[in-house]
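**Q** Both chains are given apart, each in its own frame, so use the hints to dock them into the complex.
Residue numbers (this note's numbering), protein chains in the order written: chain A, 8 to 225; chain B, 109 to 332.
By construction, these hints were calculated from the structure, which means they are not laboratory data.
Ideal Cβ positions, reconstructed from N, Cα and C, are used throughout, including at glycine.
The reader is advised that the hints may include incorrect statements.
[To be verified] Partial list, derived from the structure: chain B residues whose beta carbon lies under 8 Å from chain A:
{"hint": "1", "residue": "A278"}
{"hint": "2", "residue": "V279"}
{"hint": "3", "residue": "L285"}
{"hint": "4", "residue": "V318"}
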Amino acid sequence: MILRVVLLLWIAGSLVAGFLWAPLVPGLGPTTRVLYFHIPSAWITVVALAWSMVHSILYLKRKRLEHDDHAASAAELGLLFCIVATVSGSMWAKAVWHSYWNWDPRETSIFFLLLIYGAYLALRSSIENDERRARLSAVYSAIAFVTVPFLLFIVPRLYFSLHPDTIINTRGKVDMDPRIRTAFFAMLIGFTGLFFWILNLKVRLLRLERSRAEQAAV
Amino acid sequence: MPTGESNFGAAVWAILRKECRTEWRTRYGLNASLLFALTTLTTVSFAAGRLGDRVDLMSAFLWIVLLFASMASLAHAFVREVDGHTLTFLRMVASPAAIAVGKLLFNLVFLLVLEAVTVPLFFILMDAPPPQWGRFLALLGLGSLALASTSTLVGAIIAQTRSRGALFAAVSLPLLLPVMAAAVSGTRNQWQNLSVRSELGLLLGFTAAVLGVSVLLYDHLWND
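One chain only, chain B, in its complex shape (with noise of 0.2 Å):
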C-alpha cells in the first residue's frame, strides 16, 4: 500500500512538524533541560576541578548530565498534550503508531540539540583530551537514540499517572541503566583509544530491541 505508507510518512512528518513548533513558541523544555544541564555540568565541574587525564571519571560524568537533562524534559513531549487536553485530537488525526515515531523523532532532535551545546561546554569546563570524532560522535548518536526511543514509550505511559513528571526518571532509570553502562564504558575505550565495537553493539541492539517492542505495545497504551 503505497499510499498508506506516504500517508504514514506524511503524519510523522506533521508531527514532527508541529511539536518543533510547539516547543520553538515556548522554548520551555528546551530552556529547562539547558539550564539542568548547566547546573549538573557547574555542579561537576566545580566540585571535581579539572580532572586532567582521568577519562573514566570524566566519561562517567559526561553520561550522568546528558542523562540527567534529557530527564528533566523528555517525557514533556506527551505531557504536554495531557495537560493541555490535546491528546484526543492527536489521536484522532494520526494512528498510535505515527504519534510515536513523530514524538520519537523530535525527542532525538531535542537530545541532538541539547547534545551540541551542552558537549562543547562540557570539554571546556572538564578539560577533556580531543575525542577520538568518529568513535565518539557514534557513541553518542546511538546513546541519544536508544535514550530517545526508551524515554518516549515511558513517557507515553507516565502522561497517563497521576504525578506525570515526578515518577518519570525513577521509572526510566533502571531501564536505562544498560545504555548508562554501555556509553560511558565506550567513551572511556574511545579516550583509550581502544575499540568501541561492543559498546555501539550494544547500544544498537537495545535501540532495536526498544523499538520492536514499541512497535507491539503502543496500540495498548491508549485503549480507555
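One chain only, chain A, in its complex shape (with noise of 0.2 Å):
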C-alpha cells in the first residue's frame, strides 16, 4: 500500500519536474518532452522481452507454471509499452522528421519487437491446455530469443546504407542537460517500478485463477 502511495507521487513529481522545472532542448521545443514517456516505454519493452524470456527458458527447466504466468505476463504489459513506445516515437518522428514511419533503424528494431510480442501471444491464444500452452509458448520464446540479436545486428548495416541520415544520433542524449537528465532518470525508475508492480497483480491474479479452477475441479 506504502509502495503504491510512492510509486504514485514518485512518478506524478518526475512528471512534474519533466514539464515544468526542466528546460527543452534547443531545436526540439516542445517536442523534447516526448523523452519522459517514450525511452522509458522503449526500456519497459525491453526489459519485459527479456524477463519474459527468461521465465520461459526456467519454465522449460523447472516445469512450473509460476513461471508461465511470469512469462506471459511480461508478454502482455511488454506489448501494451511497445505500442505505447512505438506511437509516441512515430508522433514524436513526425513532429521532427515530418514522417510517421521511414523504417528508421530504430523504428524498425521497436516494430520488430512488436512483431515478435504479438506472434508469441497469438500462440498463447491458441492453445487449451495449460501445460502445453507454457511448453511451446517457451520453445517459441527460446527460439525468439536466439534469433532477436541477428536482427539488431543487420539492421543498422542494411538500413544505414539505404538512409544515410544519423539524425538519430544528433538528439544529444549524451550531453543532456543535467535538469532533464534528472527527470528523465527519475522516469525512468517511476516507470520500472510501474511495469513491476503490475507485473506482480497480474501473476497474482493468475495464480489466484488456477488456484479456484483447480478448487472447482475437486
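**A** Structure (C-alpha cells):
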C-alpha cells in the first residue's frame, strides 16, 4: 500500500519536474517532453521481453506454471509498452522528421519487437491446455531469444546504407542537460516500478484463477 | 557408440524417405506451394511489369515469392502427422531428434524442388539480368537452409495448436525477418557485383544458432 502511494507520488513528481522544471532542448522545442514517456516505454519493452524469455527458459527447466505466469504477464505488458513506445516515437518523428514512419533503424527494431510479442501472444491464445501452452510458448520464446540478436545486428548495416541520415544520433542524449537528465532517470525508475507492480498484480491474479479452477475441479 | 550413430542415421534416412513417399503419393503440399509461387509470381510480374535493371526491387520480389510459397506448406510436415493421428506411432519408433532432422531434411529438399521451378520462372517473367552463379546459388542454398530449419521448429509447435496452419506464417515471420533481410541484401549485391560474404556469414550463423537451439528444445516439444 505504502509502496503504491510512493510510486504514484514518484511518477507524478517526475512528470511535474519534466514539464515545469527541466528546460527544453534547443531545436526540439516542446517535443523534448516525449523523452519522458517514449524512452522509458522502450526500456520497459526490452525489460519485459528479457523477463518473459528468462522465465520461459526457467519453465522449460523446472516445469512450474508460475514461471509461465511471469512469462505471459510480462509479454502482455511488454506489448502494451511497446505500442506506447512505437506510437509516441512515431508522433515525435512526424514533428521532427516530418514523417510518421520511414524504417529508420530504431523504428525497425521496435516494430520487430512488436511482431515478436504479437506472434507470441497469438500462439498462446491458440492453445487451450495449460501445460502444453506453457511448454510450446516457452519453446517459441527460446527460439525468438536466439534470433533477436541477428536482426539487431543486421538492421543498422542494411538501413544505414539506404538512409544515410544519422539524425537519431544528434538527439544529444550524451550531453543531456543535468535537469533533463534528472527528470528522465526519475521517470525511468518510475516506469520500471510501474511495470513490476502491474506484473506482480497480474501474476497473483493468474495464480488465484488457477487455484480457484483447481478447487472447482475437486 | 557407432551403433547408436548408425541407428540415428538410419532413422533419419527412413523418415526422409517416408516423407518423400507420402508427399509424392498425393503431391498435395508441393502442388499447393507451386501454385502459390506461381500465383504470387504472376501477381508481382503483372503488377510491377518488367523491371529491367531495378535489381533492388527484383531481389526483394524474388524472396517474397519464395517466402510466401514456403509459408504455404512448410508446416505441413508436422501438421500432416497430427491430422492423420500418426505422430504417436512415429514417436514410438524414432527419437525426437531423428524425427526433427528427418523432417528438416525433407523441408530442405521440398524447398530446393520449389526453387528449381520458381527461380527460372522468375528470371523469365521478370526479365532479370543473369546472376553471378556461385554467389547466387550459395545465397539460395543457405537461405533455404535457414528457412527450413526455422520453419521445421515452428511447424512442430504449430501442429499442436488449435489453429494449425493458419498461425504458421504469422508466427514464423518475425523469426525469419533477419533471414529475409540478409537474403534480399545479398541477392541485390551479387547483381551489383558486390561482395556477399557478410550476408552468407549471417545466414550461416543464423542457421547454426537455430539448429543449436533446436537440439536443446526438441525434447521439450512433445512431453505430454
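**Q** Each of the hints needs a verdict: does it hold here or not?
**A** Consistency of the hints with the structure:
| no. | hint | verdict |
| --- | --- | --- |
| 1 | A278 | 6 Å, holds |
| 2 | V279 | 5 Å, holds |
| 3 | L285 | 6 Å, holds |
| 4 | V318 | 6 Å, holds |
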